[in-house]
Amino acid sequence: MNISFVNLVYLLSAVLFILGIKGLTKPKTAVRGNTLSALAMLIAVAITLFDHHIVSFELIVLGMVLGAAVGALMAVKVQMTAMPQMVALLNGFGGGASFGLAASQYLLTLERTGFGGAPAEIIGVFFITATVLIGALTLSGSLVAFAKLQELISGKPIGFVGMKFLNGALFVAALALIALLCVNPDNQTLFWALAAVAIALGLTLVLPIGGADMPVVISLLNSYSGIAAAAAGFIMGNTVLIVTGSLVGASGIILTRIMCVAMNRSLTNVLFGVMGAGSGPAIDEDEFYAGKVKSAQPEEIAMILETASRVVIVPGFGMAMSQAQHAVRELADVLEGRGCEVEYAIHPVAGRMPGHMNVLLAEAEVPYDKLVEMDRINPTFDQTDVVIVIGANDVVNPMAREDKGSPIYGMPILNVDKAKTVVVIKRSLGSGFAGLPNPLFAKDNTLMVFGDGKKAVIDITASLDLAD
Amino acid sequence: MDMTTLVLLLALFVLALFLGVELITKVPPTLHTPLMSGTNAISGITLVGALVAAGADSHNLLINALGFAAVVLATLNVVGGYLVTNRMLAMFKKKG
Numbered sequence: 001m002n003i004s005f006v007n008l009v010y011l012l013s014a015v016l017f018i019l020g021i022k023g024l025t026k027p028k029t030a031v032r033g034n035t036l037s038a039l040a041m042l043i044a045v046a047i048t049l050f051d052h053h054i055v056s057f058e059l060i061v062l063g064m065v066l067g068a069a070v071g072a073l074m075a076v077k078v079q080m081t082a083m084p085q086m087v088a089l090l091n092g093f094g095g096g097a098s099f100g101l102a103a104s105q106y107l108l109t110l111e112r113t114g115f116g117g118a119p120a121e122i123i124g125v126f127f128i129t130a131t132v133l134i135g136a137l138t139l140s141g142s143l144v145a146f147a148k149l150q151e152l153i154s155g156k157p158i159g160f161v162g163m164k165f166l167n168g169a170l171f172v173a174a175l176a177l178i179a180l181l182c183v184n185p186d187n188q189t190l191f192w193a194l195a196a197v198a199i200a201l202g203l204t205l206v207l208p209i210g211g212a213d214m215p216v217v218i219s220l221l222n223s224y225s226g227i228a229a230a231a232a233g234f235i236m237g238n239t240v241l242i243v244t245g246s247l248v249g250a251s252g253i254i255l256t257r258i259m260c261v262a263m264n265r266s267l268t269n270v271l272f273g274v275m276g277a278g279s280g281p282a283i284d285e286d287e288f289y290a291g292k293v294k295s296a297q298p299e300e301i302a303m304i305l306e307t308a309s310r311v312v313i314v315p316g317f318g319m320a321m322s323q324a325q326h327a328v329r330e331l332a333d334v335l336e337g338r339g340c341e342v343e344y345a346i347h348p349v350a351g352r353m354p355g356h357m358n359v360l361l362a363e364a365e366v367p368y369d370k371l372v373e374m375d376r377i378n379p380t381f382d383q384t385d386v387v388i389v390i391g392a393n394d395v396v397n398p399m400a401r402e403d404k405g406s407p408i409y410g411m412p413i414l415n416v417d418k419a420k421t422v423v424v425i426k427r428s429l430g431s432g433f434a435g436l437p438n439p440l441f442a443k444d445n446t447l448m449v450f451g452d453g454k455k456a457v458i459d460i461t462a463s464l465d466l467a468d
Numbered sequence: 469m470d471m472t473t474l475v476l477l478l479a480l481f482v483l484a485l486f487l488g489v490e491l492i493t494k495v496p497p498t499l500h501t502p503l504m505s506g507t508n509a510i511s512g513i514t515l516v517g518a519l520v521a522a523g524a525d526s527h528n529l530l531i532n533a534l535g536f537a538a539v540v541l542a543t544l545n546v547v548g549g550y551l552v553t554n555r556m557l558a559m560f561k562k563k564g
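Protein chains in written order, with our numbering: chain A, 1 to 468; chain B, 469 to 564.
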C-alpha cells in the first residue's frame, strides 16, 4: 500500500488519540474519550497489517489472540483495590514490548544487511539502544513495583546505604555501552550487555522505594513506557508511535510532578533519598502518646454522629486494605438520610497510585462530586462537626504543618484537626510510612476507634440505625 | 534514517510532548487512575511496530521469539488497558 496513504491514516489515528485524551478531562466525556482512543488504536493496527514488510501472519495472529485473551481476563477479573498492581504490570508490558521490538529489529538488521558506518545507520543504532535501555528498565522496574504492591516481596525499602552509587555506576555503564554500540554496532556481546545492565538498573532503582512512595514510581514508569514507545517510533520511522508515545510520556511526567508536590519532596529525594539519611532522632512512641489518647467504642461514635450536621470522611490506604469502601458508603447513606451533609476529602497521595481512593469510592457508587480535593476541602474543616479518618495517617499528621524539625515538615496535609471532633479508625497507634508518631491521635478532640476498618464502620452504622 | 527525516520526527516528538502537557494538566485528580490505565493502553501502540517485527518471517528463532513476545505484550497492554479503563470509567457517576 502507498506509504503516503498509510501515513495519512496514521495522522487520522493520532488525531483520534488526542481527542480521546481530551475526553478524559471530564468525567462526563471520559467513557467516550476512552472509546475514541480505542478506535484510534484499531485504525492504526488495521492499516499496519497491510504493510508490505509483513510477509507472514502466523506469529501475529497467535500473539494477538494470546495477548488479547490474557489482557481481557486480567481486566475483567482484577479487583478495584488491586488497580495499582494492574497498572504497574501494564507499564511493564509496555516497556517489555518496546524492548522486544528493538531487540528483534537489531538482530534483523544484522542478519540482513549488517550495520554500515553511515550516519543514517548510526542514528538507527542509537534509537535501538535507547529503546532497549528505557524499555528493559521499565520492564524490570515495573515487575518489582508489581511484586511490592502484590506483597510478593516486602513493601519496605530494600537495599543498602551506598545503593545510589551502584545506580549511578549502572547508568554510566549503560550510556557507555550505547556510545560503544554506536561506534561498533555489529558487536552483539555489547548489545546483550546493555540489555542486562538496563534490567539490573530497573531492579536497583525500584527495590529501595517503599510502599507509600509508589504513586511517584508508578507515574514515572508510566512515563517511561510512553517514552520507550516513542523511541521505538524513531527506530521504525513511524509517526503515530512517536506522537502517542510522547503523549503518554508527558502524562506520566505530569502525574509524577503532582505526586512529588503533594509530598513536598523532589523526584531525586523520592528515588534516592530513603536509604541515605537516617531519619532524625527517634521519638519514643509510648512516651509520646502516654495518657493522652482517648479510645472509643463504635456506639459512642454513633452517638456523636447523631447530632452532626456536617461530616467529612478521609480515606487512606487502610480503607483499601480492609475493603471498607462499601461499608463507608453505607454509613454515609445513613448519615445523609438523617439530613447530615457528607463529603470525602481526598489527599493526592492517599493510597498507592494517583486517584486510587477516587476509583475505590466510585466502585462503591459514591458520586464523584462528593470527592473533594485537598485545597477545596481544607477551608471547610472548622465548620465540620465530625471528621472520620479511615486508614490514613501521614496525610493528616499536623507535624507537617507545625513541627519545623520534622522530616515531613512542609508537606501539604488535610487539616482535619480543625474539626470539632476527629474520629480515627485504625488498627493500632503504629506509625505510618514516614515512621513518625502522629500528634493528631493525642489531641483533645480526637477519638480513636481501634480495630479493622470495615468492621468498625459497619458497627457504627448499625448503632446509628438503632438510634432512631 | 537520513538527517532531514530525523529532524522532522524530532519536531513531531517535541510538539507532541507540549501538546501532551497541555492536555493532561486539565485532567482532574478524580480521573488520575483511569488516565494512567488509559495511557497504558495507548502506550500499547508499540503493537504497530511489533506487528512489522513479528511478520518479518526470519529464519532466526530468536528474532521470531522477540517479535512474538513484543506482539503478545503490546496486545495485552492494549486490550487489558482499554477494558479496565472502561470498567473504571463506567463507575464514575454524578449524583441522581
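Careful: at least some of the hints might be erroneous.
[Said to hold, decoys possible] Per label pair, the in silico range of CB-to-CB distance:
{"#": "1", "chain 1": "A", "residue 1": "Val15", "chain 2": "B", "residue 2": "Leu530", "range": "16 to 22 Å"}
{"#": "2", "chain 1": "A", "residue 1": "Ile153", "chain 2": "B", "residue 2": "Leu530", "range": "26 to 32 Å"}
{"#": "3", "chain 1": "A", "residue 1": "Leu73", "chain 2": "B", "residue 2": "Lys494", "range": "20 to 26 Å"}
[To be verified] Listed below are the simulated SDA-like cross-link pairs for lysine to any residue, each with C-alpha atoms no more than 25 Å apart in a straight line:
{"#": "4", "chain 1": "A", "residue 1": "Lys77", "chain 2": "A", "residue 2": "Tyr368"}
{"#": "5", "chain 1": "A", "residue 1": "Lys77", "chain 2": "A", "residue 2": "Gly291"}
{"#": "6", "chain 1": "B", "residue 1": "Lys561", "chain 2": "A", "residue 2": "Met374"}
{"#": "7", "chain 1": "A", "residue 1": "Lys22", "chain 2": "B", "residue 2": "Pro497"}
[Claimed, not checked] Coverage of chain A stretches by chain B, computed from C-beta distances (three or more under 8 Å per stretch; other residues unrestricted):
{"#": "8", "region": "24-36"}
{"#": "9", "region": "49-56"}
{"#": "10", "region": "101-108"}
{"#": "11", "region": "144-153"}
{"#": "12", "region": "242-249"}
{"#": "13", "region": "349-361"}
In short, the hints are calculated from the structure, not lab data.
Every residue, glycine too, gets a C-beta built ideally from N, C-alpha and C.
Verification of the hints:
Here the CB-CB span from A:Val15 to B:Leu530 is close to 37 Å, at odds with the stated 16 to 22 Å. Evaluation of the 26 to 32 Å hint for A:Ile153 and B:Leu530 yields a pass: the beta carbon distance comes to about 30 Å. At about 33 Å, the beta-carbon gap between A:Leu73 and B:Lys494 misses the expected band of 20 to 26 Å. Pair hint A:Lys77 plus A:Tyr368 holds up; C-alpha atoms about 24 Å apart against a cutoff of 25 Å.
Annotation: proposed proximity of A:Lys77 to A:Gly291 is violated, straight-line Cα distance about 47 Å (limit 25 Å). A threshold of 25 Å between alpha carbons decides the hint, and for B:Lys561 with A:Met374 the separation of about 21 Å falls inside it, so the pair holds. Among the hinted pairs, A:Lys22 with B:Pro497 is consistent with the structure: their alpha-carbon atoms are about 15 Å apart, no more than 25 Å. Counting residues of the region 24-36 of chain A whose CB lies closer than 8 Å to any CB of chain B gives 10, which reaches the minimum of 3, so the coverage claim holds.
With a cut-off of 8 Å between beta carbons, the region 49-56 of chain A has 6 residues touching chain B; three or more are needed, and the interface restraint holds. With 6 residues carrying a beta carbon less than 8 Å from a beta carbon of chain B, the region 101-108 of chain A meets the three-residue requirement, and the given coverage holds. Counting residues of the region 144-153 of chain A whose CB lies closer than 8 Å to any CB of chain B gives 0, which falls below the minimum of 3, so the coverage claim is violated. By the rule of at least three residues with a Cβ nearer than 8 Å to a Cβ of chain B, the coverage given for the region 242-249 of chain A holds, with 8 such residues.
By the rule of at least three residues with a Cβ nearer than 8 Å to a Cβ of chain B, the coverage given for the region 349-361 of chain A holds, with 6 such residues.
Figure legend: structure checked against the earlier numbered hints; hints not met, in rising order: 1, 3, 5, 11.
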